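Listed in order, the protein sequences are those of chains B and V. Start counting the first sequence at 1; every next residue gets the next number (the numbering used here). Start counting the second sequence at 1001; every next residue gets the next number (the numbering used here).
By construction, these hints were calculated from the structure, which means they are not laboratory data. Hints may be right or wrong, so weigh each one.
Stated by the list, open to error - With beta-carbon atoms standing in for the labels, derived distance ranges:
| no. | chain 1 | residue 1 | chain 2 | residue 2 | range |
| --- | --- | --- | --- | --- | --- |
| 1 | V | Asp1038 | B | His26 | 31 to 39 Å |
| 2 | V | Ala1075 | B | Ala46 | 57 to 65 Å |
| 3 | B | Glu77 | V | Ser1032 | 45 to 53 Å |
| 4 | B | Arg83 | V | Asp1095 | 46 to 54 Å |
| 5 | V | Asp1038 | B | Ala24 | 47 to 55 Å |
| 6 | B | Ala24 | V | Leu1066 | 50 to 58 Å |
| 7 | V | Asp1038 | B | Asn59 | 20 to 28 Å |
| 8 | V | Asp1166 | B | Asp10 | 23 to 31 Å |
| 9 | B | Asp167 | V | Ser1011 | 48 to 56 Å |
| 10 | B | Val42 | V | Met1102 | 45 to 53 Å |
| 11 | B | Arg25 | V | Asp1010 | 29 to 37 Å |
| 12 | V | Thr1043 | B | Asp17 | 51 to 59 Å |
In this text the structure is predicted, and so the values were computed from the model without any measurement. Glycine included, C-beta positions come from ideal geometry on N, C-alpha and C.
Protein chains: 2
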Amino acid sequence: MVVTAVRAADSRQRFIDAAISLFARHSFAGTSLQMIADEVGVTKSAVHHHFRTREELLNAVIEPVLGGLQAAVEAAEGQRGRRARAERMLTGVVDLAVRNRMLVPMLVGDPGAIEMLRSRTEVGELANRLNMLLADIDPGVGGWIKADMVMAGIAGGMSARTSGLDDDVLRRHLIEASRRTLGLRAPRGLR
Amino acid sequence: MVVTAVRAADSRQRFIDAAISLFARHSFAGTSLQMIADEVGVTKSAVHHHFRTREELLNAVIEPVLGGLQAAVEAAEGQRGRRARAERMLTGVVDLAVRNRMLVPMLVGDPGAIEMLRSRTEVGELANRLNMLLADIDPGVGGWIKADMVMAGIAGGMSARTSGLDDDVLRRHLIEASRRTLGLRAPRGLR
């Protein structure tokens, strides 16, 4: 029983990993369950056993990212002071983006993925809380523009050109540049 | 003769304006020549007289932006010193983006428009020269990441949320935040 459950979770994850790689190469709309089956080397009905549609697979791909985003927003909101909240939000979102490097271009650029994200109301709500935490450093329109610029900039800084960089190096550059954009000093001990 | 030429140029521009508005609402792939004819209030054959395909219309929409980008890159390359070059490139690209506010989301987010831009070799070449001018402030990987972040950030800072802002206010915010990201001081007299 235990072994069967582990195997089921294991093949479920293999389909998710194959989907991430195929969505990145062929877009969500350009990827079929058959292609995912071929990539893993199983029949389409083996995929069907776990995911009936590619939408279900996309949701399974996105789920851990949304969970991570929710946790990062909540951790930031729990800080005292708007600078501490913005700093925690920034590092949280960069950590999450770097941990999901392969997914970021899809989440911000694939029309199918964007449509799916827009259809989930919690995504808009989380994005608002995130933006508010970053924008609060400079109340008013300037803060909102900088928050938008930082969020777009983090995704843009993870382009093909940086794909060979270590996670840690990329993370450090993204955080440093975003702090400057927002006008956030590095926390004590990290300057 | 002169009147006829003016009228032809005039209706050509009306089709281009209608295309910009429809591409923004329905995407390039979701806009037909018939929709453009309907928007202007003419027959499809009247559109056909100027543009045989929507690809031709998209090229006509993009052409002045590419011309402006080329001029901005050349003006920046003509400056002395890498800070002056980066500053001129930054203000040039923000001016161009703000002047083409309605087009920017399409140029960075519409798959059909992106495909068209990618197919034109001069676009990649201009983008490289632009990025080099911005990245040169901080030679190495950090400079490239910041240049990517600034370019994505400028587009991201022109989101729906800022659509009500004056061009001048938006322009100033985008330039100030981008200068901070790049580590560029405002030129003398503007501090």
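Original post:
Can you list which hints this structure breaks, lowest number first?
Top reply: 4, 5, 6, 7, 8, 11
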